[in-house]
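197 is the number that our numbering gives to position 55 of the sequence shown; each next residue is one higher, with no gaps.
It is possible that some hints are incorrect.
[As the list claims (entries may be wrong)] DSSO-like, lysine-lysine: derived pairs with alpha carbons at most 30 Å apart:
#, residue 1, residue 2
1, Lys196, Lys173
2, Lys186, Lys222
3, Lys191, Lys222
4, Lys173, Lys153
5, Lys231, Lys166
6, Lys225, Lys196
7, Lys166, Lys225
8, Lys196, Lys217
9, Lys186, Lys217
10, Lys223, Lys166
11, Lys196, Lys222
12, Lys166, Lys217
13, Lys196, Lys223
14, Lys173, Lys217
15, Lys191, Lys166
16, Lys191, Lys225
17, Lys233, Lys166
18, Lys186, Lys166
19, Lys223, Lys173
20, Lys153, Lys225
21, Lys233, Lys154
22, Lys196, Lys186
23, Lys154, Lys231
24, Lys217, Lys191
25, Lys196, Lys166
26, Lys186, Lys237
27, Lys166, Lys153
28, Lys223, Lys237
29, Lys186, Lys153
30, Lys153, Lys191
31, Lys173, Lys191
32, Lys173, Lys231
33, Lys186, Lys223
[To be verified] Label-pair ranges, simulated between beta-carbon atoms:
#, residue 1, residue 2, range
34, Pro232, Lys191, 35 to 41 Å
35, Lys233, Lys186, 29 to 35 Å
36, His184, Glu207, 17 to 23 Å
37, Asp193, Glu235, 17 to 23 Å
38, Arg230, Pro157, 34 to 40 Å
39, Glu215, Lys237, 41 to 47 Å
40, Lys237, Met143, 27 to 33 Å
Don't read these hints as lab results, they were simulated from the structure.
Ideal placement from N, C-alpha and C gives every residue a C-beta, glycine not left out.
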Amino acid sequence: MLTIRLSRVGKKNMPMYRLIISEKSRDTYGKSLEILGSYNPHTKELQAKADRIKHWLSMGSGMSETVNNLLIEQKIIEGKKVKASIARKPKKEAKA
Numbered sequence: 143m144l145t146i147r148l149s150r151v152g153k154k155n156m157p158m159y160r161l162i163i164s165e166k167s168r169d170t171y172g173k174s175l176e177i178l179g180s181y182n183p184h185t186k187e188l189q190a191k192a193d194r195i196k197h198w199l200s201m202g203s204g205m206s207e208t209v210n211n212l213l214i215e216q217k218i219i220e221g222k223k224v225k226a227s228i229a230r231k232p233k234k235e236a237k238a
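Sequences and hints are given; from them, build the entire structure.
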């Protein structure tokens with residue numbers, strides 16, 4: 143399944159993200175079908191190709207929770223925000 147998601151680029155401690163469309167099972171650092179925009183988390187600036195995003199969504203592609211929330215904030219798509227969960231390792235309990 144094709145998915146619109148973020149791919150990290152930039153320097154250490156200064157991330158920038160690209161909005162890409164690629165196969166969901168592929169690595170985000172690997173080859174993507176198309177670059178749809180960029181996102182700077184420091185300035186909260188999103189530059190996106192709205193027409194291309196709408197094209198891929200009409201073709202049936204999905205998107206990550208974070209991308210969904212960013213596009214709703216920018217009013218590129220309509221809908222409700224989705225809770226973006228963070229995968230955390232379970233804490234080990236200390237033995238007394």
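Non-conforming hints, listed in increasing numerical order
26, 28, 37, 38, 40
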